[in-house]
Amino acid sequence: MTRPRRIIAREEYCIGCRLCEIHCLVRRSRSRKIIKAFRNERDKVAPAVQVEQSGYASFALQCRHCDQAPCIEACITGAMHRDPATGAVLCDQERCVGCWMCVMVCPVGAVRPGQDRRVASKCDLCMGEEMPACVANCPNEALVYQSEDE
Amino acid sequence: MASETDQRSRNHARRKWLIGPDFVVQRDPDRCIQCQVCVRQCANDVHEYDAEEEIVRSDSTTCVGCHRCATLCPTQAISIRRGNLEFRPHGSWTAGALRNIYKQAETGGVLLSGMGNDETLPVYWDHLLLNASQVTNPSIDPLREPMELVTYLGRKPDAVQLAGSGVSLSLATQLPPQLELQVPIMFSAMSYGSISYNASIALARAAKELCTFANSGEGGLHKDIRPYGGNMIVQVASGRFGVDVDYLNAASAIEIKIGQGAKPGIGGHLPGEKVDASIAATRMIPEGTDALSPAPHHDIYSIEDLRQLIYAVKEVTCYRKPVSVKIAAVHNVAAIASGCVRAGADIVAIDGYRGGTGAAPTMIRNNVGIPTEFAMAAVDTRLREEGIRNQASIVVAGGFRCSADVVKAIALGADAVYIGSAALVAMGCHLCQKCYTGKCNWGIATQDPYLTRRLNPDVATRRLVNLLRGWALETKEMMGGMGINAIESLRGNREHLRGVGLTDTELKILDVKAAGA
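In the order they appear, the protein sequences are chains A and B. For the first sequence, counting from 1, position 54 maps to 54 in our numbering; every step adds exactly one. Count along the second sequence starting at 1, add 150, and that's the number in our numbering.
In short, the hints are calculated from the structure, not lab data. All values reported here derive from a predicted model rather than from experimental measurement. Even glycine gets a Cβ: it sits at the ideal position worked out from N, Cα and C. Among these hints, one or two may not hold up.
Okay, the calculated bits of chain B under chain A, using three or more residues with CB under 8 Å as the criterion [unchecked claim]: (1) 221-232; (2) 383-389.
Chain A is nowhere near these chain B residues, computed Cβ spacing over 12 Å in every case [as the list claims (entries may be wrong)]: (3) Q186; (4) G380; (5) P436.
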């Protein structure tokens with residue numbers, strides 16, 4: 001059985017433009033319109049992907065959707081769960097109480113406290129979209145969406 | 151008089167430009183979201199983020215018009231226009247001429263340019279029109295009937311002998327080595343050093359995928375590109391960079407580079423700062439040293455000397471690989487090409503005055519050489535008159551922009567064409583002509599690790615393959631229209647060309663009838 005698709009960063013082609021962050025923010029905004037999102041919602045929504053940079057080397061980091069996810073194990077309410085269909089690690093915002101245990105245990109720092117509500121904010125692989133926004137908008141195909149087996 | 155170094159340092163300290171910027175960057179404040187993508191993408195520091203005021207500002211002074219920022223801007227907030235400082239119109243003292251003088255008065259240096267001749271000299275391809283079948287002969291639909299673009303480059307025998315009879319007929323004559331191309335288009339010589347590693351590998355990969363050839367240029371063959379040797383032509387140029395037995399034998403053909411269309415009679419200079427460990431190893435020179443290609447080959451001062459080198463190369467490769475000689479299109483190109491063929495060249499590559507370069511003195515680039523079209527026609531005619539046209543294939547280069555240019559070149563007599571600029575444009579080049587600065591924002595003509603990663607070779611390969619696939623389809627359409635089903639039947643078939651807006655002399659040299667004739 002092939003493993004579910006994941007976002008894989010090709011560090012050697014990341015150009016540090018941060019368009020992934022910009023489009024992730026837009027995708028997570030209420031309006032989903034780039035100018036409106038940046039004008040009116042900047043303090044309410046944050047991207048779930050972050051470009052890490054050191055010198056010329058950079059790559060985009062978002063939730064790895066770990067097979068053994070520490071955030072799921074640490075979650076006290078069961079809000080952090082695995083989507084049975086895609087294998088993605090998701091946060092049920094109705095159940096999250098904002099204790100930030102997930103934020104504490106995430107080995108890559110990909111779970112952050114949400115900006116607008118006191119719930120955890122993380123990558124949901126743009127559920128419902130054919131392609132996550134960061135992958136679709138990377139100008140250099142430094143992000144690919146594929147199964148790790150491919 | 152002060153020494154040159156003193157003069158230069160004084161110039162630098164007091165530099166005052168008497169000219170406005172080449173381009174003006176306009177930012178639409180209604181669209182800009184202060185995301186700073188432009189700031190991160192410009193190697194010329196045009197855009198700057200003012201953290202205090204939380205606003206992105208642009209300073210047009212150093213903008214080269216490469217469009218990187220505008221292309222990546224997620225809200226299309228940036229537009230780039232020509233500098234808005236208009237000079238009073240003058241037929242002779244054009245803005246370009248004035249700007250060059252202001253620059254030189256400030257720097258005291260040679261004006262440099264990248265890419266090909268940008269003067270408004272006539273493009274003769276635009277004065278040639280193709281034929282099509284009507285009534286008296288049928289056109290062919292390439293989507294329904296086979297259409298052949300396969301091209302063989304190399305020396306063809308004067309006569310062939312057949313062995314056997316009937317269905318078991320075979321060729322008794324042993325053919326000299328040939329290059330087999332599935333499309334009559336190859337990627338011209340662009341060295342690793344003048345272009346980035348990613349650009350080089352993309353060209354090699356695309357050549358392999360398309361079953362054609364890429365030319366390594368004079369900068370040696372990187373070890374990662376050696377596996378693509380079956381689709382590579384390697385160059386032996388005046389600097390002899392990276393040349394050894396393995397290099398020559400790694401490729402499918404060897405090209406002796408005598409000249410380049412962008413700068414005939416001029417050598418090359420890759421500045422030491424671009425010569426990193428990898429380029430140094432590939433070129434077989436010390437790291438950080440300038441890679442200087444002399445203007446002439448210092449062992450070639452005559453056709454006889456050229457013959458010695460051609461045969462030295464053939465000996466080394468056991469006569470298994472065709473040897474090409476690349477010359478720039480200059481005044482006596484026909485006689486020179488004839489000499490090259492008689493010296494033993496299996497392929498003659500002719501690079502016209504629109505041929506590109508990473509760096510050339512502007513005056514040379516814009517004023518030396520002759521148009522590819524005339525050179526092509528003159529060489530083909532001359533070799534045919536002398537009865538030696540079969541002894542060498544002709545590859546023509548210099549400013550091919552589309553498939554129609556290629557088809558016209560083949561009808562004029564070319565066996566295949568080299569494309570350089572078009573390939574770079576396919577990879578992202580916006581022809582800003584600043585290759586020589588090493589700050590190519592598209593990651594092509596640079597060795598800066600911040601910039602080279604901008605060219606993902608997977609993407610670049612795909613785009614190159616797409617371009618040539620498109621050109622091949624269009625070529626088949628044009629051939630079909632003419633009722634021709636094999637590119638061989640079009641080669642040198644000047645009956646399929648007609649000239650418009652050309653003088654009698656031009657038509658005579660091109661050996662093409664005027665439209666209507």
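Hints, one by one, checked against the model:
1. As drawn, the segment 221-232 of chain B meets chain A at 3 residues by the rule of a beta-carbon pair under 8 Å; at three or more, the given contact holds.
2. Given a C-beta distance limit of less than 8 Å, the hint that chain A covers the segment 383-389 of chain B is violated, as 0 residues qualify and 3 are needed.
3. Listed as outside the interface, Q186(B) is inconsistent with that label: its C-beta sits roughly 7 Å from the nearest C-beta of chain A, within the 12 Å cut-off.
4. The Cβ of G380(B) sits about 26 Å from the closest Cβ of chain A, beyond the 12 Å cut-off, so the non-interface label holds.
5. Distance check on P436(B): its Cβ is at least 24 Å (rounded) from any Cβ of chain A, clearing the 12 Å threshold; non-interface status holds.
When held up to the earlier numbered hints, the structure conflicts with 2, 3 and fits the remainder.
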